[in-house]
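Can you build the whole structure from these sequences, using the hints too?
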Amino acid sequence: MHIVEVEKLCHSYNNKRVWANKDVQFSIQSKGVIGLLGSNGAGKSTLMNIICGVVHQTSGKVRIYGSDIEKDSMTAKRQIGFLPQTAPLYLDLTVNEYLNHCALLRGMEKSQIPDAVEEVKRSVQISHFSKRLIKNLSGGYRQRVGIAQAIIHKPKLVVLDEPTIGLDPNQIVEVRNLVCEIAKERTVLFSTHILHEVDLMCSHVLMMDGGRLIFNGTLNEFKEIESSNKVLLTVGKMPPEEELLSVQGITGFNYINHQKLRISFENNPDITNQLIRKSVEQNWELQEIHYEQKTLDAIFSKLSSKPS
Amino acid sequence: MQFFQNCPQNPPDHMKQILTIAQRELRTLFCSPVAWLTLIVFTIHAGFSLMGRIDINLEALLTRDINGQWFTQRFFSGNRGVFLSVINYFYLYVPFLTMGLMSREFSDGSIKLLFSSPVKLSHIVIGKFITVPVFALLLVFILFIQAVVVHFFVLDSFDWPLIFGGLLIVFLVICLYGAIGLFVSSLTSYQLVAAVGTFAIIFIMNSYLRTSVQNDHPEFLQIILNKWLPPNMHFSGVFGLLTSTHILYYLLLITLFIIFTWFRLFVEKKSKSFIFKFSVYTFAILLTVFLGWLSIQPNNIFYFDLTADKVQSPSAELKEVMKKLPEAPTLVRYVNVLERPDEGSIISYPGRLGKMSSLRYSLKQKIKVEFIPYYGPTASLYHTLYKKDSFFTDASQLVLQTYERRNVSSEKFNLKELAAISDQQFSWFTNDELLTTQDVKSYLAIDRPENKNVYLVKSGNKSAILQNGTYEGANEQKFVNTLNGMLEGKPIITFLAGHGERTHNNEEDESDYYKVFNNHSKDNSLVNQGFETRTVYIKDERIPDSTMILIIADPTESYGVDEMAKIQSYINEGGNLVITGSLLNRNTILPVMEQLGITASIADSSYKYGSIDPAAVIHDGNAKGFLRNETMWTSSADITILDKEGNGAKLSMPNSFSMKQLPGQSGFSVRPVVLSDADTLIYALTRNVSGKQQRILICGSADFLSNGAEGIGFKSGFDTKAQNQRVAVAFFKWLSNDKYPSDAHKQRRKENIIIKSSGMLKLFLVGLFPLPFFIIGLLVLKNRRNH
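In order, the protein sequence lines correspond to chains A and B.
When you line the first sequence up against this note's numbering, it's residues 1 to 308, in that order.
When you line the second sequence up against this note's numbering, it's residues 1 to 787, in that order.
Since no wrong hints were added, every one of them can be taken at face value.
No more than 27 angstroms apart at the CA atoms, straight line, and that leaves these computed lysine-lysine pairs for DSS-like:
#1 B/K270 <-> A/K61
#2 A/K61 <-> B/K269
#3 A/K110 <-> B/K16
Sample of chain A residues with no beta-carbon within 10 angstroms of chain B, all distances over it, derived:
#4 D23
#5 N40
#6 D68
#7 G139
#8 D199
#9 G217
#10 L245
#11 P269
#12 T272
These are computed hints drawn from the structure, not numbers from a lab.
No residue lacks a Cβ here, since even glycine has one placed at the ideal position from N, Cα and C.
What follows is the structure, encoded as structure tokens:
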């Protein structure tokens, strides 16, 4: 049985004039972190809202463990924990009160709730703020409380909509680790527009643009799309043009400064090894060599011309 | 990691989830200052309202004995009682309580928590709404405590069922306003907008809606929009008569706004076209209106009399007389279009019965109403013009100007012409022709045109005038009197004339009996208690057989032999009689009195006041009494012939002479009724004639019933509190063999104020009672702030 199954999903907020999601179709069958990539306005949040039953799609089907999110929403929602982009917090409640409330909403047995609350607080490291009003917590801790509510009932599918937005670097690292921890036993659908996060956390990648799903594959497959055709070199002695062009596949280059240059190439997966060998031979005093990272825009641009 | 191992698979308990949402909402409410501030302000507000009512009655007690009245109603359920006083301000309280119910969820984004949880939309809405009845119960509890305090510390008797009925209405009004607030709160993410929006909707429903539809619109629209939809048209349940219409109104409207809220959340989740949304809202409104329309149909209305003594239920007499009617009665209202609007002039709502509405109410609304307009200048019209009263309408002025310009009283106006000129539509009147006063007089055979509203009761081919010229509302007793008179003929009081006797048609003459017998504008005048007065010139006419009571009032000239024979014949046949004489003319009346075995005392003294002899009154342990110690009709207070101490009512007896029995047997059983010290000023005589008890009153003061006497009409002696007019009604009830006025006037237990001052009470209700809310609120808020 698929964990998540999305079929020909379309959604419009304004009576089919503009589509937030159009013909989205994919399924998730494995545990781990599934990255949902896309720039702002790509339709990620809408897709997540539909998967979690917050919004009903205009057309198409969404099934969670076989249960239709629209027709059998009670069964489907029991499998889901959702953290929207803005954590759905009641600021006037304490952390304990809030988590208790969320547990009850998710249909947990009253007797199980105290233990579940303690466990989830430990896991997101907010135990010391149990009696603190949520409005008195910092942004990072509020986000942790948000994550706690999404996992307190131990759902099989956890949907996190850009959970690292607005956090400081340390908090981002902590949240990423937490997500990875959660994903050991669950499926986590994790949206972001930061490519690096996908690389760090995800086993599978979905990418959206303009409401359409433009990529659906493993991280490795995604990285292949991401692979660059430009190499950046930092050297002690700048090589002459003829030495560079003698390397197979190099189509051009330009000097960035007196030590750095960018080399363009085609059809040569072994280009870095060849350049290293050449630099040793010609004594370029090679200090650094790496592929130039592609921007998301570049990848979008590429993916947009190659629909999944 | 241990934590992520189990996922709950049990289906959630829906009721538990509803309560979870309600609990969370209540926690938020009571962790904010809004709830506590509302409770404190409400307690003080209700406290001041109640103290106002208590103080005003305590002040009244200083000057007159008002004890024995229906104080539960006066304090809580009356027009100025606590219930209406607080209900009228709920539109200010409720929006603050409901403004955040949904809008906070939208603004904080927490709505996504609810939407993504396994909770149905309906459960979310109900869970949110539960906050309202819970808070309403708290407010009701505050009023309940007030009632408990009044019961134990202010009054010696209390009408608890009336209080519970009022509390129910208070509760339902809060719930209705709360449902409106919930819906408005779901329309916006701004709490302030939600509060203002709720306030605006409630305000519009209570004020604008009542006058939104003019008289030229279909009756259905007028009734629904002007009469059914405004919440304040359904506050009247606090008066003690709850109807299924009221209950259904609140339930329907509460359900409507809850469904609106549900639908609003539904379209928030699943976008729908404008036409779809419009259709659903329209359908829900139309369905509610349809059910509302069904609920106001007379045959569908159920009544619940919430008073302890069932004073709001039809009396046995009313039920009895209604059964005898050939068909359901129709009340025809002749409306003087030149009257002030608030008295039912041309712009008044056609369905409005004015002060008659209580009658329609107690008759269970099974009464049709017709309106017939006429015009005739009235005192209030000129008063209004003179004062430039803002109530006065252009239409009325127009009629007046036209009336004066044409200066021909016989000329009739056409309503359509009038409407065309004045931009008013009068299609709601049952005919187009505007009658004149003369027309009304001739149609209804009214002697004295009052140019006010005239009410006629019709049933089959029978009709009778219920009221002519009084602004006072017709009560059930008066209605029963009228119907009895219509069915069986009115009891006729015949005044002898031709020998300088007192008359009964001259309002200006202080010696005339107009006010007691013929004052159409006063309910306690006998003409409004079912009697009809006639005059017979004894010299030329015989006393009509239809006479029930003959009045021989202070003749200044002696009766001749033939005339005395006619009087004697009437007496011999067992006719009831009232004889009044004055000190000045007593020698003229003595021959008539002496035929009955009564004569004047030798002492030539005048008595200013007398009082009812308690021995003449039927009360505990008195087998000889004959006057019933019943409540005498008054518009505002219940007064009995004997007071609590057993003293008889005081009467003013100007120019009176005392009387005594002549020696020997007259054949009558003679009892003193009114005494002044040891002297008798009024005797009651009875005997059986042909199996019927003959009843005669002989009064040594002719002015006892005259316009100028204290206790008649508006005249009262401050020190004496003379009850002449009220006792006169009791006398004529006895004289009419206890038939008129009917017994339909409701009897209920007496309530007495048992405190002398209100200082401690005020301290408790306004000072101490809000204190717990203040302290608890302060502790809760302080505690929350420390988190």
